[in-house]
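Peer 1: Next come the chains, spelled out residue by residue.
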Amino acid sequence: MSTEMKQVFGRSAGLTDVPFSFCPGCTHGNIMRLIAEVLEELEIIDNTIGISPVGCAGFSQNFFNCDFIGAAHGRAQAVGIGVKRSLPDRMVFTYQGDGDIAAIGTQHAIHAAARGENITSIMVNNAIFGMTGGQMAPTTLEGMKTATSPYGKDTGKDGFPIDMPRLLSQLSGAAYVAAVSVDSPKEIAKAKKAIKKAFQVQQAGLGFAFVSVLSTCPTNWGLSPVESLKWLRENMMPVYQMGELKVSEEVAKL
Amino acid sequence: MKPERILLKGNEIIGEASIQAGCKLFFGYPITPSTEVVEYLSGQYPNRGGDMVQAEDEIGAINMCYGAACTGNRVMTASSSPGVSLKQEGISYAAAVELPIVVVNVNRCGPGLGGLGPAQSDYYQSTRGGGHGDYRTIVLAPSKAQELYDFTMDAFDLADKHRNPVILHTDGFLGQTMEPVVLKPRPEAPVVDRSWVVDGAKGRDKRVLASYSLTNEIGEANNLKWEAKYKHIEETEQRWEEYYTEDAEYLLVSYGTTGRICKSTVLNARAKGLKVGLIRPITLWPFPKKAFAPLIDQVKGIMTVELNTGQMIEDVQLAVECKKPVYLYRRQGGMLPTEHEILDDLMLKFNLTDEEA
Numbered sequence: 000m001s002t003e004m005k006q007v008f009g010r011s012a013g014l015t016d017v018p019f020s021f022c023p024g025c026t027h028g029n030i031m032r033l034i035a036e037v038l039e040e041l042e043i044i045d046n047t048i049g050i051s052p053v054g055c056a057g058f059s060q061n062f063f064n065c066d067f068i069g070a071a072h073g074r075a076q077a078v079g080i081g082v083k084r085s086l087p088d089r090m091v092f093t094y095q096g097d098g099d100i101a102a103i104g105t106q107h108a109i110h111a112a113a114r115g116e117n118i119t120s121i122m123v124n125n126a127i128f129g130m131t132g133g134q135m136a137p138t139t140l141e142g143m144k145t146a147t148s149p150y151g152k153d154t155g156k157d158g159f160p161i162d163m164p165r166l167l168s169q170l171s172g173a174a175y176v177a178a179v180s181v182d183s184p185k186e187i188a189k190a191k192k193a194i195k196k197a198f199q200v201q202q203a204g205l206g207f208a209f210v211s212v213l214s215t216c217p218t219n220w221g222l223s224p225v226e227s228l229k230w231l232r233e234n235m236m237p238v239y240q241m242g243e244l245k246v247s248e249e250v251a252k253l
Numbered sequence: 000m001k002p003e004r005i006l007l008k009g010n011e012i013i014g015e016a017s018i019q020a021g022c023k024l025f026f027g028y029p030i031t032p033s034t035e036v037v038e039y040l041s042g043q044y045p046n047r048g049g050d051m052v053q054a055e056d057e058i059g060a061i062n063m064c065y066g067a068a069c070t071g072n073r074v075m076t077a078s079s080s081p082g083v084s085l086k087q088e089g090i091s092y093a094a095a096v097e098l099p100i101v102v103v104n105v106n107r108c109g110p111g112l113g114g115l116g117p118a119q120s121d122y123y124q125s126t127r128g129g130g131h132g133d134y135r136t137i138v139l140a141p142s143k144a145q146e147l148y149d150f151t152m153d154a155f156d157l158a159d160k161h162r163n164p165v166i167l168h169t170d171g172f173l174g175q176t177m178e179p180v181v182l183k184p185r186p187e188a189p190v191v192d193r194s195w196v197v198d199g200a201k202g203r204d205k206r207v208l209a210s211y212s213l214t215n216e217i218g219e220a221n222n223l224k225w226e227a228k229y230k231h232i233e234e235t236e237q238r239w240e241e242y243y244t245e246d247a248e249y250l251l252v253s254y255g256t257t258g259r260i261c262k263s264t265v266l267n268a269r270a271k272g273l274k275v276g277l278i279r280p281i282t283l284w285p286f287p288k289k290a291f292a293p294l295i296d297q298v299k300g301i302m303t304v305e306l307n308t309g310q311m312i313e314d315v316q317l318a319v320e321c322k323k324p325v326y327l328y329r330r331q332g333g334m335l336p337t338e339h340e341i342l343d344d345l346m347l348k349f350n351l352t353d354e355e356a
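In order, the protein sequence lines correspond to chains A and B.
Anchor point for the first sequence: position 112 equals 111 in numbering that gives the first Met the number 0, and the numbering is continuous, going up by one each time.
Anchor point for the second sequence: position 217 equals 216 in numbering that gives the first Met the number 0, and the numbering is continuous, going up by one each time.
Mixed in with the good hints there might be a few duds.
As the list claims (entries may be wrong) - Straight-line Cα separation of at most 20 Å, SDA-like style, residue types lysine to any residue; simulated pairs:
no., chain 1, residue 1, chain 2, residue 2
1, B, Lys8, B, Gly116
2, A, Lys195, A, Pro18
3, B, Lys205, A, Lys229
4, A, Lys229, A, Ile187
5, B, Lys228, B, Glu216
6, B, Lys205, A, Ile187
7, B, Lys201, A, Ser11
8, B, Lys224, B, Gly130
9, B, Lys205, A, Pro18
10, B, Lys205, A, Glu36
11, B, Lys201, A, Ile187
12, B, Lys289, B, Glu216
13, B, Lys201, A, Pro18
14, B, Lys201, A, Asn61
15, B, Lys271, B, Lys228
16, B, Lys201, A, Asn46
Don't read these hints as lab results, they were simulated from the structure.
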């Protein structure tokens with residue numbers, strides 16, 4: 000009897016062997032794994048340059064198995080545009096949090112989309128600033144308690160959540176915009192499909208591709224990992240428009 | 000073939016020199032009095048194979064430079080004082096990742112919105128790092144058209160050689176003046192180390208260009224590494240021009256536009272029999288301290304001529320270890336001094352008369 004074992008599942012070649020350093024239950028790792036799988040499947044690991052700013056997203060520099068650049072808070076897309084304009088035949092993606100892309104770096108997101116910059120941007124939306132300890136973000140939901148909205152986010156004073164994908168989908172240069180989640184296997188499958196398409200859009204030179212991924216932050220939400228997934232489903236998914244929000248005619252033909 | 004001699008506006012000269020230096024990437028944002036740089040390149044690039052973005056703002060522009068520089072290709076941005084203030088975050092990050100970027104600052108006066116006239120009020124900002132953290136940028140100060148051309152080329156070579164941002168510190172007067180310039184061909188590009196660039200990990204291990212220090216020990220080691228580089232640059236790259244210094248009893252110190260005006264002041268003084276000389280710093284950082292050492296004992300007094308409240312004067316006082324009196328003559332707010340008023344003030348400060356000759 001043969002005792003030979005066949006490996007059917009393993010670490011994606013798109014990831015290094017550095018162990019993830021995220022808090023228990025955080026879904027950053029899931030999202031990174033999906034991107035890594037896409038890099039592997041499209042065979043672009045050694046032709047890709049990733050850019051991440053500060054915040055929890057910044058750790059990705061050590062986890063992805065491709066060249067990486069650390070950018071200042073909010074500036075990943077501007078840096079990515081510089082890379083892409085310099086090396087148009089390389090693949091460029093940014094991996095940013097919602098605090099990064101929807102607050103301090105909003106202008107770069109809007110103009111990258113308006114100019115149709117041929118890069119792929121992934122935004123991880125957990126409705127708070129994670130690394131600094133759970134402060135209110137522009138994506139924080141109405142009434143949500145955070146370190147800087149201890150009595151709940153008051154829309155009269157703090158404003159309303161910004162739905163970045165919906166905003167960017169209005170711009171002509173945005174070729175592909177999707178909003179997905181990683182709260183369940185079914186949603187994870189959809190998320191991977193969207194992320195893959197966002198890279199294929201860039202490969203085909205069709206313009207700006209943006210995927211927002213709803214993510215959990217059990218540590219700063221003060222919930223267990225399982226409760227966090229449920230909270231995301233029940234509170235975030237009704238507020239943020241989900242699905243493919245923009246598929247240009249050329250992208251539809253892919 | 001004899002190099003072409005043509006008439007161009009100062010800012011256009013910078014644009015042309017950057018192309019001749021092999022820079023085909025520009026990211027900028029329009030601001031007076033620097034705008035001709037971005038305008039010139041937007042006209043030239045389509046026919047000469049460059050790519051540029053008129054960015055959403057100065058912050059976007061400098062961060063695009065940061066990204067392009069990470070790939071090892073030459074890149075430039077140009078702006079004027081308030082715009083350069085906005086770029087400081089990016090310049091600090093570029094200094095930390097040791098990126099060769101050429102930043103042109105066509106100085107206008109400040110603070111605040113200020114005005115469009117020439118100024119040197121960004122001397123501290125250019126020579127002390129400008130942004131957060133302890134770093135330095137190499138700063139070149141041209142004083143005429145040909146130097147705008149030559150120093151732009153030098154700026155790229157220095158940036159590559161030392162893996163460091165370089166500031167071309169010019170002003171609204173130089174930027175807007177039309178003068179003849181010889182379009183010298185690019186000297187042979189120095190061979191530079193590219194073993195650090197991020198361009199896709201084909202056939203090699205992945206690389207990361209980032210500046211976060213996870214521990215204080217790493218942070219200190221990084222600071223020591225940069226400090227050693229800055230010391231080396233200070234030792235090897237000081238540049239200046241001397242004008243009638245051999246027998247000078249009184250020394251003018253001035254750079255850029257006022258450095259040029261001071262040459263006329265020196266000639267006028269000499270005609271009166273006054274032994275006046277000029278040191279014109281070309282590198283503002285590293286400051287040309289070496290120029291002063293042989294003259295400290297010889298001169299009776301020194302006067303800096305600046306377009307600010309007196310910024311470079313501190314570097315001069317340090318360079319002469321306060322052994323000789325150092326005075327300031329300055330105009331501000333976009334005003335330029337005449338060669339005559341500089342001489343009048345020098346004579347007043349040092350009690351000189353025409354008869355002394």
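Peer 1: Hint numbers the structure violates, sorted upward?
Peer 2: 2, 3, 6, 11, 12, 13, 15
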